Amino acid sequence: MTRLYDALVSIALGLLLLLGWEAATQAWGLSALVLPAPSRIAQALAKGMATGYWWPHIGQTLLGVVLGLLAGSMLGFGSGLLLGTHPRLRRWLTPYLLVSQLTPKLALAPLFILWFGFGTLPTVVMTALICFFPLLENTLAALEQTDEQQLELLRALGASRWQTLWRLQVPAGRHTLAAGLRVALVLAWVGTVVSEFINASRGLGAVIIGAQGTMDTALLFAALLLIALLGTASYGLLHTLERRWCAPAPTL
Amino acid sequence: MKSEALLHLRGVRFAWPGGSEVLHGIDLQLQAGQCHALLGRSGCGKSSLLKLAAGLLRPTGGAVHWRQQAVRGPQADVALVFQRPTLLDWLSVLDNVLLPISLHRGVQAQDRAYALHWLERLGLHNLAQRRPTQLSGGQQSRVAIARAWMQRPALLCMDEPFAALDALTREELQQDLLAVCAEQGTAVLFVTHDLHEAAFLGDRISLLHGGRLGPALAVGEPRPRGAAWRDAPSFHAVCAQLRQMLGATA
Chain W
0 MTRLYDALVS IALGLLLLLG WEAATQAWGL SALVLPAPSR IAQALAKGMA TGYWWPHIGQ
60 TLLGVVLGLL AGSMLGFGSG LLLGTHPRLR RWLTPYLLVS QLTPKLALAP LFILWFGFGT
120 LPTVVMTALI CFFPLLENTL AALEQTDEQQ LELLRALGAS RWQTLWRLQV PAGRHTLAAG
180 LRVALVLAWV GTVVSEFINA SRGLGAVIIG AQGTMDTALL FAALLLIALL GTASYGLLHT
240 LERRWCAPAP TL
Chain S
0 MKSEALLHLR GVRFAWPGGS EVLHGIDLQL QAGQCHALLG RSGCGKSSLL KLAAGLLRPT
60 GGAVHWRQQA VRGPQADVAL VFQRPTLLDW LSVLDNVLLP ISLHRGVQAQ DRAYALHWLE
120 RLGLHNLAQR RPTQLSGGQQ SRVAIARAWM QRPALLCMDE PFAALDALTR EELQQDLLAV
180 CAEQGTAVLF VTHDLHEAAF LGDRISLLHG GRLGPALAVG EPRPRGAAWR DAPSFHAVCA
240 QLRQMLGATA
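Chains W and S are the protein sequences, given in the same order.
Heads up, the first sequence stops at 251 in numbering that gives the first Met the number 0, and the numbers go up one at a time, no gaps.
Heads up, the second sequence stops at 249 in numbering that gives the first Met the number 0, and the numbers go up one at a time, no gaps.
Rather than coming from a laboratory, the hints here were simulated on the basis of the structure.
Worth double-checking, as some hints may not be accurate.
Claimed, not checked - DEER-style ranges, computed between Cβ atoms:
no., chain 1, residue 1, chain 2, residue 2, range
1, S, E182, W, V65, 32 to 40 Å
2, S, G209, W, V185, 37 to 45 Å
3, S, G184, W, R181, 51 to 59 Å
4, W, E143, S, A227, 28 to 36 Å
5, S, G42, W, R2, 26 to 34 Å
Claimed, not checked - Residues on chain W that point at chain S, a partial pick, calculated with CB under 7 Å:
no., residue
6, G47
7, G51
8, L152
9, A155
10, V169
11, H174
Remember, it's a predicted structure, so these values are computed and weren't measured experimentally.
Every residue gets a Cβ at the ideal spot worked out from N, C-alpha and C, and that includes glycine.
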């Protein structure tokens, strides 16, 4: 009951905010160029839905996020496993990894246009690069956190190094890995949208830049709203998958 | 018949890499089916000695022989039971017990039946599909022991496996252990800091102090020993003797 009540209060607060916003734009006569009223944003959103304007942009952005996240997190996980099991290789590469991690990836976007041209490829590369590090870091952390006694148990049972990795270290570190994936997902949206600002004519990031150019602020807000909704939905989906696969205990 | 010792430690020395020596020449023989308790205070090198016997550590001096062969690594029929149950929380109880099998080959119907047999023997038969986190501490210890029995061990190396349990559960598990060992003819090397536990379990009890093993005290009480023996004068006599031996090391 309290949870339902809390949810209702939460929704009411949101509605109140929207009403206040609507009233403020009317009362103070704010220009729609600066801050369009929620009703105008909703109109822009609905119009785009009706004409099918949004779909190619949504599809393009989702493609960038999904492909970038998949490529980047798989590469990060694989590199984490490799470096985590080869301490010397890790020592050799650590300074370079650190430098590349501390370089703002978004600053590379102009370079990616030179290398990969416009469109999907540079966006996917950018997103993958951004998703790489959280997975790398968290995979390394997960491997280091393995319980000494569990490692000893596997050794006493004659497990190979490969078995120790797959049967013990990876499943034991699943929560750390999942946390890395969640961070990567959030960053994937940033990477894709910002990359689309710079190098795309399609995608929600490109819509934002286009709307800015035509001073259609309501459209810009509508695109932001779509990004927020899709981002939240993707996070929820990941969280559900995580709870299914990483459950500490089944409910009995 | 000394040459037939199942486990034979000769002048075993051990030092951690870069550290000082923790064991200074340990001699120990264990016959098949015998229970040898190693009694000592915390930090006396008990765990290192056990890991040397189990082949998890290599001695820096002397030799460890298992069935007349120098030990080069963990043996398939030597099972190790740790201080903590050390169960894998993402596997069911049954899969935890099957781990010694599933690491080496596909699990077959008879393996599953054997695992269930052990779970039943240890009073856990209706918990096979649970996760370890849903079990009490005593139940988790029993699962760890069931897992050890899956190896069909000739020797159980136990490192204070009951130390974290309440007194009643501990006594139950000690009795169970003696009963099953007698039934299977399994030898036990049991490390503990609890002199009552050493007295109840050991056919022979040695004191480990300052990295050296004292002379073994032989306990005449035949096995399996029942709960009633804990109240017998002969049990208290053994305990008193051990307390005296421990006191001499203080």
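Structure-based check of all given hints:
| no. | hint | in the structure |
| --- | --- | --- |
| 1 | S:E182 with W:V65: 32 to 40 Å | violated (58 Å) |
| 2 | S:G209 with W:V185: 37 to 45 Å | violated (56 Å) |
| 3 | S:G184 with W:R181: 51 to 59 Å | holds (53 Å) |
| 4 | W:E143 with S:A227: 28 to 36 Å | violated (50 Å) |
| 5 | S:G42 with W:R2: 26 to 34 Å | violated (51 Å) |
| 6 | G47 | violated (45 Å) |
| 7 | G51 | violated (46 Å) |
| 8 | L152 | holds (5 Å) |
| 9 | A155 | holds (5 Å) |
| 10 | V169 | violated (10 Å) |
| 11 | H174 | violated (10 Å) |
Hints 1, 2, 4, 5, 6, 7, 10, 11 from the earlier list are contradicted by this structure; the remaining hints agree with it.
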